[in-house]
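Trainee: What follows is each chain in one-letter form.
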Amino acid sequence: MKNIIRILNIQTRSERDFSDITSKVKEEVSKSGVKDGIVLVRSMHTTAAVTINENVHESVPKDLLESLEKISPTQSNYRHNTYVRFCGGVGSDTGAAHVHASLIGSDILLPLEKGEIKLGTLEGIFFLDFSGPRERKVLLQIFGE
Amino acid sequence: MKNIIRILNIQTRSERDFSDITSKVKEEVSKSGVKDGIVLVRSMHTTAAVTINENVHESVPKDLLESLEKISPTQSNYRHNTYVRFCGGVGSDTGAAHVHASLIGSDILLPLEKGEIKLGTLEGIFFLDFSGPRERKVLLQIFGE
Amino acid sequence: MKNIIRILNIQTRSERDFSDITSKVKEEVSKSGVKDGIVLVRSMHTTAAVTINENVHESVPKDLLESLEKISPTQSNYRHNTYVRFCGGVGSDTGAAHVHASLIGSDILLPLEKGEIKLGTLEGIFFLDFSGPRERKVLLQIFGE
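Chains as they are written, first to last, in my numbering: chain A, 1 to 145; chain B, 146 to 290; chain C, 291 to 435.
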């Protein structure tokens, strides 16, 4: 069995941002030489997430970011904001970002068969940053034969 | 290692619908002959999802569909709806469906031991369609020995 | 390939509660002797969930529980509550808890390399109970070599 772990570095551009990482994931899978197994994609941050959704147009990831903001608004009261301010932390208003991260989730798992990850038509892999802009890390695990 | 991939075809019956696919998943796992490993269940669509929840009575999946509709209503403004209308697309009001798909998620992973998937009491596997009725596909990967 | 399955017993303390299970998971992984593969963490209940988020301070899991309560309040109308009451069930107001469980999800998957699970800085593994206090079970699968 091969167990290949790679880190993708992603520079996000704004406070709430998305990146389509589909081609980067496919490239690493191709380079790994692993043909059959699984591919795990993991956000390594507690204020970011990964998801699969339509990548034909940027409207879908933008809707997702805006809907999360409506579901748990940045400007609500979060215990975490109070805690970070009390500690003199910078970038303290991340309470909502942590909630959004757990609502979307930090990992996605893809099947790998004959060297190809199995995505549906129009599906792409997105990294979502709820507390950017920053340099972020996504871990990629390719486990198989 | 065996790497078995199967597609389940699911005919949904209404715009927002659920299907209990537990017995279909168990049947395919049994047929695969794989005894120890993992079972990945993946919705292949960007307006559908898979989840595990109580399958004693239809009240739980119905609550879930109705709650998602309250969380991100179909009738809100979504960039995706405007985009699809602009392109002359049919079935254009799927903005909410894409958000619901990412909130629930497109994959679930189950442990397989001695030929049995390990589910808790009352747990079942549901496919949720947020933009039906359609013929939908769920990918099943059975990876192990 | 090794396929190790362990059950973690978790005693929750209140109706809506969280437990940081990071050190328990790491301990079982270490005891398993498996060095390279995957670690699956699964809630075995339909009114509980597992997630990864910041574990520096209890503010984050508390924000998460409170935000879910705002997103789908316990006191709304759920079909499940009516159904359970009709059947004479106890602990009947769990409609919201089932919704929260599917919003967060029942499984998380972690990469295992050289005996170590790969978590980002500040990341911890949380079990969330939406219908406690009870003794709960989390399944841990360690699959690899």
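No lab work stands behind these hints: they were computed from the structure. Please note that the accuracy of each hint is not assured.
[To be verified] Partial pick of chain B residues on the chain A-facing surface, computed with a CB cut under 7 angstroms:
id, residue
1, VAL201
2, HIS202
3, GLU203
4, TYR228
5, ARG230
6, PHE231
7, GLY240
8, SER247
9, GLY250
10, SER251
11, LEU254
The structure displayed is predicted, hence computed values, not measured ones. Yeah, the Cβ is synthetic: ideal placement off N, Cα and C, and Gly gets one too.
Trainee: Hint by hint, note whether the structure agrees.
Mentor: Tested hints:
Hint status for B/VAL201: violated, given a least beta-carbon distance of 26 angstroms to chain A, over 7 angstroms. Checking B/HIS202 against chain A by beta carbon gives a least distance of about 26 angstroms; that is not within 7 angstroms, so the hint is violated. The interface hint given for B/GLU203 is broken, as the beta carbon of that residue sits about 25 angstroms from the closest beta carbon of chain A, more than 7 angstroms. With a cut of 7 angstroms, the hint placing B/TYR228 at the interface with chain A holds, because the nearest CB-to-CB distance is about 4 angstroms.
Interface hint status for B/ARG230: violated, as the beta-carbon distance to the closest one in chain A is roughly 11 angstroms, over 7 angstroms. At about 10 angstroms, the closest approach between the beta carbon of B/PHE231 and any beta carbon in chain A exceeds 7 angstroms, and the interface hint on this residue is violated. Nearest Cβ of chain A to the Cβ of B/GLY240: about 5 angstroms, under the 7 angstroms cut. The hint holds. The criterion of a C-beta within 7 angstroms of any C-beta in chain A is met by B/SER247, whose closest approach is roughly 4 angstroms, and the hint holds.
The interface hint given for B/GLY250 holds, since its Cβ lies 6 angstroms from the closest Cβ of chain A, which is under the 7 angstroms cut-off. The criterion of a C-beta within 7 angstroms of any C-beta in chain A is met by B/SER251, whose closest approach is roughly 5 angstroms, and the hint holds. Restraint check, B/LEU254 versus chain A: the minimum CB separation of about 6 angstroms is within 7 angstroms; hint holds.
When held up to the earlier numbered hints, the structure conflicts with 1, 2, 3, 5 and 6 and fits the remainder.
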